[in-house]
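As they're listed, the protein sequences go chains A and B. For the first sequence, the residue numbers in the working numbering are 7 to 383. For the second sequence, the residue numbers in the working numbering are 7 to 383.
These are calculated hints, taken from the structure and not from any lab test. Mixed in with the good hints, there may be bad ones.
If chains are identical, the list can't say which one is meant, so a pair holds when it fits in one copy or spans any two.
Stated by the list, open to error - BS3-like, lysine-lysine: derived pairs with alpha carbons at most 27 Å apart:
id, residue 1, residue 2
1, Lys252, Lys349
2, Lys235, Lys354
3, Lys250, Lys349
4, Lys107, Lys252
5, Lys289, Lys252
6, Lys252, Lys354
7, Lys250, Lys354
8, Lys250, Lys107
9, Lys252, Lys281
Everything numeric in this text was worked out from a predicted model, so none of it was measured.
2 protein chains.
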Amino acid sequence: MAQQADLERLATISRPHRDMINVMPLQTGSILTDAARRALVEFGDGYSVCDYCQGRLADIANPPVRDFVNVMLPEFLGSECAALTYGARDGVFMVLHSVTKPGDTVVVDGNRHYSTAVAAERAGVELMAVPNSGHPAYVVEAQQYQDVIAEHKPALVILTYPDGRYGNLVDAARVGEIASAAGIPYLVSGAYAVGRMPVRMDELHADFIVGSGHKSMAAAGPSGVLGMKAKWQDIVLRRSSLHKAKEVECLGCTLRGVTLATLMASFPAVVERVKHWDEQVAKAQWFSAAMEEMGFRQLGEKPHRHDLLAFETQALFDISQRVRERGYYLYKEMESRGIWGIKPGQTKALELSTFAASRRQLEQVIAAFKAILEKYR
Amino acid sequence: MAQQADLERLATISRPHRDMINVMPLQTGSILTDAARRALVEFGDGYSVCDYCQGRLADIANPPVRDFVNVMLPEFLGSECAALTYGARDGVFMVLHSVTKPGDTVVVDGNRHYSTAVAAERAGVELMAVPNSGHPAYVVEAQQYQDVIAEHKPALVILTYPDGRYGNLVDAARVGEIASAAGIPYLVSGAYAVGRMPVRMDELHADFIVGSGHKSMAAAGPSGVLGMKAKWQDIVLRRSSLHKAKEVECLGCTLRGVTLATLMASFPAVVERVKHWDEQVAKAQWFSAAMEEMGFRQLGEKPHRHDLLAFETQALFDISQRVRERGYYLYKEMESRGIWGIKPGQTKALELSTFAASRRQLEQVIAAFKAILEKYR
Chain A
7 MAQQADLERL ATISRPHRDM INVMPLQTGS ILTDAARRAL VEFGDGYSVC DYCQGRLADI
67 ANPPVRDFVN VMLPEFLGSE CAALTYGARD GVFMVLHSVT KPGDTVVVDG NRHYSTAVAA
127 ERAGVELMAV PNSGHPAYVV EAQQYQDVIA EHKPALVILT YPDGRYGNLV DAARVGEIAS
187 AAGIPYLVSG AYAVGRMPVR MDELHADFIV GSGHKSMAAA GPSGVLGMKA KWQDIVLRRS
247 SLHKAKEVEC LGCTLRGVTL ATLMASFPAV VERVKHWDEQ VAKAQWFSAA MEEMGFRQLG
307 EKPHRHDLLA FETQALFDIS QRVRERGYYL YKEMESRGIW GIKPGQTKAL ELSTFAASRR
367 QLEQVIAAFK AILEKYR
Chain B
7 MAQQADLERL ATISRPHRDM INVMPLQTGS ILTDAARRAL VEFGDGYSVC DYCQGRLADI
67 ANPPVRDFVN VMLPEFLGSE CAALTYGARD GVFMVLHSVT KPGDTVVVDG NRHYSTAVAA
127 ERAGVELMAV PNSGHPAYVV EAQQYQDVIA EHKPALVILT YPDGRYGNLV DAARVGEIAS
187 AAGIPYLVSG AYAVGRMPVR MDELHADFIV GSGHKSMAAA GPSGVLGMKA KWQDIVLRRS
247 SLHKAKEVEC LGCTLRGVTL ATLMASFPAV VERVKHWDEQ VAKAQWFSAA MEEMGFRQLG
307 EKPHRHDLLA FETQALFDIS QRVRERGYYL YKEMESRGIW GIKPGQTKAL ELSTFAASRR
367 QLEQVIAAFK AILEKYR
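Whole structure, please, built from the sequences with the hints as guidance.
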């Protein structure tokens with residue numbers, strides 16, 4: 007039985023660390039802009055974007071959902087049309103559920119996100135992975151898609167671009183050429199690309215691209231986007247036979263509220279920030295070099311081309327073996343130094359993102375690691 | 007091509023009418039509580055509820071998602087377990103996709119929401135409707151489920167409780183007895199019940215209940231809840247074979263952000279407000295009587311037992327035939343009087359909800375209608 011005190015505790019949930027230096031891969035791309043913070047308050051109430059709806063989310067003129075979905079998003083994604091989703095995974099499932107049938111095979115990269123496997127399971131299709139090169143670079147070679155496609159004749163090809171663990175960027179355009187030559191539709195799963203770095207579906211020869219509002223578009227969650235070639239619109243965005251204004255795969259409307267408002271409000275800043283991606287890459291490489299100087303080892307591609315970074319941190323693990331808090335010491339030490347994003351308990355390998363933090367803040371992160379190594383020497 | 011000015015307009019979207027008297031059926035149950043407004047700001051950033059996640063949304067201890075999902079929600083819903091969804095429709099689809107197979111028949115009430123039809127289409131099942139009694143009451147008789155079930159041997163029975171247009175409340179417990187006797191699983195679609203009025207799945211002899219955060223639980227959207235009997239957990243909430251912590255029908259995690267924070271923060275107030283449902287019903291009946299005194303006709307059940315109300319408003323339609331703004335005059339007249347929720351263009355029949363407005367505010371609504379009738383006499 008829930009106690010009254012437990013119940014009342016819900017009313018005061020808070021997030022005291024939200025202004026700390028954030029290096030958590032999940033979170034660095036979705037810290038809200040000031041504009042999104044204003045939209046959050048304006049559109050907080052349920053169904054807030056539906057004030058002037060005439061029956062169709064993507065046709066709402068105020069706020070300008072119509073222009074956002076039908077003009078701005080396709081331009082940004084390099085797609086011919088777009089839809090709003092609950093997140094990247096939901097876009098993947100919408101495509102799977104529309105263009106494949108149970109029993110089909112889908113070819114995917116070996117670094118795919120767990121949710122791609124779960125979406126495939128939900129759609130009843132089997133995934134066939136193009137393997138990565140293993141430790142330490144975990145590289146997936148685009149060219150390898152050719153043989154796997156030829157062997158398995160899949161209904162769909164998926165590439166995670168970049169993958170969420172190592173931040174590796176496969177040659178997505180080459181995969182697109184291969185899929186295209188084989189006549190197989192191709193989906194770019196870009197939860198960590200769309201909104202962070204320049205990425206255009208057309209330039210990657212893709213049929214679909216999914217992005218995540220709450221991963222990389224400075225938006226509240228759940229929110230996401232799906233871009234596609236026009237030829238898929240009648241399949242993936244097919245309308246209900248009874249309710250002609252409603253897309254079947256969207257169950258009518260998807261983002262009916264505040265998360266869409268934040269996605270839209272941040273969009274101008276997101277369009278701008280992807281133009282500065284080279285600065286992000288330089289920052290990630292500089293940070294990686296500093297980490298390696300300390301004796302940690304960066305996994306994944308080198309030189310690295312994304313802010314998602316994984317490191318082997320044996321020295322931090324060694325410490326965990328002889329301190330009272332075991333693996334939790336690192337999380338606590340970092341938190342006490344104002345740094346957020348170390349998974350409690352994790353020490354042997356760390357996944358970090360340099361996207362949100364400035365160089366100055368990342369210097370603090372490096373100094374923190376140094377101080378911890380020193381303290382427990 | 008999107009103009010720069012259009013793009014920048016996204017950064018300043020606003021909702022100037024959000025503090026007006028609100029009678030829009032979609033919106034009256036999801037105006038945020040003060041606690042939810044605080045949570046909105048605290049948890050605005052993407053993936054904000056995942057700070058302390060160890061791999062499973064429903065297991066997060068801080069904020070107390072675990073207690074909320076596993077203890078408080080089941081108690082509130084009268085269910086044996088619960089899950090977080092993007093909304094009522096998404097819960098309906100999760101159940102359809104798990105307990106039916108393409109080609110199956112599902113029995114539903116004739117007043118069902120459009121999204122139930124779209125979800126059925128997405129799942130490849132055919133809906134068979136228990137008809138309503140037609141104009142003016144549109145009543146669905148629970149007993150009629152018996153014959154329709156006997157004839158069609160459905161894989162699932164659904165009842166919309168109440169329906170979203172007339173606010174009629176079918177004898178849901180009787181439908182439960184009938185479905186139960188026939189051995190057919192039974193889903194109560196309670197987007198306008200859960201969070202507004204007392205409703206318990208167990209008392210309705212139901213297997214499933216869905217609720218909507220952004221319709222009736224004072225939460226931001228998209229958000230929803232799904233309650234069920236424990237025996238369905240392994241089917242509807244089955245785990246991925248590869249990723250054991252993740253539910254297939256949820257694609258892993260659903261409400262990964264602010265909408266869950268508002269749902270939780272408002273929950274204590276929601277638990278409290280359903281205890282005062284009798285006051286809401288009395289207010290709705292009082293309002294309905296005042297509308298009928300003006301010559302409007304209430305559709306749906308009488309005496310009415312829900313705040314969702316539909317009226318035939320012929321006199322307002324007659325005015326629209328002779329004014330310059332045609333049907334839009336009513337929306338404008340009401341808005342200018344501080345009243346929000348009249349659909350632009352609608353005059354012949356109006357759907358209103360008395361849930362959010364006080365009696366004093368509803369007196370203003372009645373006075374507004376009177377003044378408009380007088381002005382255009």
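How the hints compare with the structure:
1. Lys252 with Lys349: between (41 Å within a copy, 19 Å between copies)
2. Lys235 with Lys354: neither (43 Å within a copy, 41 Å between copies)
3. Lys250 with Lys349: Close across copies (20 Å), not inside one copy (46 Å); limit 27 Å.
4. Lys107 with Lys252: Close inside one copy (22 Å) and across copies (22 Å); limit 27 Å.
5. Lys289 with Lys252: neither (44 Å within a copy, 34 Å between copies)
6. Lys252 with Lys354: between (49 Å within a copy, 24 Å between copies)
7. Lys250 with Lys354: For Lys250 and Lys354, only the inter-copy Cα distance (23 Å) is at most 27 Å; the intra-copy one is 54 Å.
8. Lys250 with Lys107: Result: close both inside a copy and across copies, 24 Å intra and 24 Å inter.
9. Lys252 with Lys281: Classified as neither; 35 Å inside a copy, 36 Å across copies.
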